[in-house]
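Protein chains in written order, with this note's numbering: chain Y, 35 to 144; chain U, 785 to 899.
Calculated from the structure, these hints are not laboratory results.
Nothing here was measured: the structure is a model prediction, and the numbers come from that model.
You may find that some hints are simply not true.
[As the list claims (entries may be wrong)] Below, a list of computed lysine to aspartate or glutamate pairs in the DMTMM-like style, where the Cα atoms sit at most 20 Å apart:
(1) Y:78 <-> U:872
(2) Y:43 <-> Y:92
(3) Y:75 <-> U:869
(4) U:833 <-> U:848
(5) Y:70 <-> U:872
(6) U:853 <-> U:804
(7) Y:74 <-> U:872
(8) Y:74 <-> Y:132
(9) Y:75 <-> U:872
(10) U:855 <-> U:804
(11) Y:75 <-> U:799
(12) Y:70 <-> U:894
(13) U:833 <-> Y:132
(14) Y:78 <-> U:894
(15) U:845 <-> Y:58
(16) Y:74 <-> U:894
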Amino acid sequence: DTAVSQTPKYLVTQMGNDKSIKCEQNLGHDTMYWYKQDSKKFLKIMFSYNNKELIINETVPNRFSPKSPDKAHLNLHINSLELGDSAVYFCASSRIGELFFGEGSRLTVL
Amino acid sequence: AQSVSQHNHHVILSEAASLELGCNYSYGGTVNLFWYVQYPGQHLQLLLKYFSGDPLVKGIKGFEAEFIKSKFSFNLRKPSVQWSDTAEYFCAVNPRSNQGGKLIFGQGTELSVKP
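Next up, chain U with everything else stripped away, as it sits in the complex (with noise of 0.2 Å):
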């Protein structure tokens, strides 16, 4: 079955450190990736997102991620974050051949960052 797995449930970070949050996914065909970020109390927002080209997409707020196609990676990162960035992270497939569309979505990253 198609699957995503984030590695971490739960991320505690000090305000500028660096931040990488790991994506995998079972799939072998093409896909469409994306991060989603879901703010305390907010609806998901897109961050970026990948459908083809350079494997390295910029998204918006300093997020960056790299997709690894022999690896079926799809990581975020960031630089230096900021308190602001706390929130619940996801990662999501869209297998081009999944008739209407259909995202599947990781079970989330919690960032939560400290002041």
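The shape of chain Y in the complex, shown without the other chains (with noise of 0.2 Å):
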């Protein structure tokens, strides 16, 4: 069974369209994060949710809109995508401070 799973694993799509990628752990934890992998490999955090209440978020435009029906899973929204949003996004839950990861999900956008 896969701990931290993420879909779609790919999608590419137009500027300015809106897109989601989707989120669930079955760990149990309550804590789960957005990062994004950019194409020089660096990550950065985007977003922290606690029990479905958001506690951390970074600088992000507010085109980026995270959702976390349940504290099983975290969604991320995205409105009038940008060339400079192409990137492998990362969804993660934790458990005492270690990230426990999904798959990634590369954006890419034309």
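Combine the two chains into a complex, taking the hints into account.
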């Protein structure tokens, strides 16, 4: 069983479109995250939720809107996609500071 | 601002060579420390972690790391690398005072091992 699963794994879309990435974890963790990995492999946190409550929002444009319907799910919706949004987006959940990552969703904006 | 610095951007070694990847962080308080590995095309996996106790920690696949508090360092080592160790390595720090358990990552070190 996959502990942290993301869908879709690959997403190719045009500028200006709106897209969503879904994430689910079956580890029973209270905290979930979205990280963005750019083309230089740099990982930067975007959001963190604890038990459905937003606790970290790192200077991310408000075109990005996370939603956590319950503590096992954290989805990411992106409006009006831009070229610079092309990246790999990783979902993660944590226990005592240790992160467990999903396999990533590679977003390509044309 | 809290930050993590990895000294080497790209390291190229031959099989059986010894490896040391440097990691320094800037934060004066208590921290949890991690090394993650990302194999080509895959997600990040935990190699090892330090929370407290013995500053020399052993991880999977023969990796180890030493926490030196006075130097704010957490260097990763392996005595003899294999071709299969080719990957991107990330050092990460979790300041314990951070709300939400946020991990701050270094910029990564790409390791290429030649057979």
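Structure-based check of all given hints:
1. Only pairs whose Cα atoms come within 20 Å are accepted, and residue 78 of chain Y paired with residue 872 of chain U is accepted, the gap being roughly 15 Å.
2. Note on residue 43 of chain Y and residue 92 of chain Y: the hinted pairing is violated, with a Cα-Cα distance of about 24 Å set against a maximum of 20 Å.
3. Pair hint residue 75 of chain Y plus residue 869 of chain U holds up; C-alpha atoms about 17 Å apart against a cutoff of 20 Å.
4. A threshold of 20 Å between alpha carbons decides the hint, and for residue 833 of chain U with residue 848 of chain U the separation of about 9 Å falls inside it, so the pair holds.
5. Under the criterion of a C-alpha separation no larger than 20 Å, the hint pairing residue 70 of chain Y with residue 872 of chain U is consistent with the structure, at around 16 Å.
6. Taken as a hint, the residue 853 of chain U and residue 804 of chain U pair is honoured in the structure, with Cα atoms around 18 Å apart against an allowance of 20 Å.
7. For the given pair, residue 74 of chain Y sits about 11 Å from residue 872 of chain U by alpha-carbon distance, which is consistent with the 20 Å threshold.
8. Restraint check: the Cα-Cα separation between residue 74 of chain Y and residue 132 of chain Y comes to about 23 Å, which exceeds 20 Å; the hinted pair is violated.
9. Pair hint residue 75 of chain Y plus residue 872 of chain U holds up; C-alpha atoms about 8 Å apart against a cutoff of 20 Å.
10. For a cut-off of 20 Å, the pair hint linking residue 855 of chain U to residue 804 of chain U stands: about 16 Å separates their Cα positions.
11. For the proposed pair residue 75 of chain Y and residue 799 of chain U, the alpha carbon gap of about 24 Å is over 20 Å, so the pair is violated.
12. Taking the CA atoms of residue 70 of chain Y and residue 894 of chain U, the gap is near 18 Å; set against the 20 Å cutoff, the hint holds.
13. For the given pair, residue 833 of chain U sits about 8 Å from residue 132 of chain Y by alpha-carbon distance, which is consistent with the 20 Å threshold.
14. In summary, the hint linking residue 78 of chain Y to residue 894 of chain U is supported, as the alpha carbons are separated by about 17 Å, within the 20 Å threshold.
15. The suggested pairing of residue 845 of chain U with residue 58 of chain Y is violated, with an alpha-carbon distance near 28 Å, which exceeds 20 Å.
16. Proposed proximity of residue 74 of chain Y and residue 894 of chain U is supported: the alpha carbons are some 10 Å apart, at most 20 Å.
The structure fails hints 2, 8, 11 and 15 (numbered hints given earlier, in ascending order).
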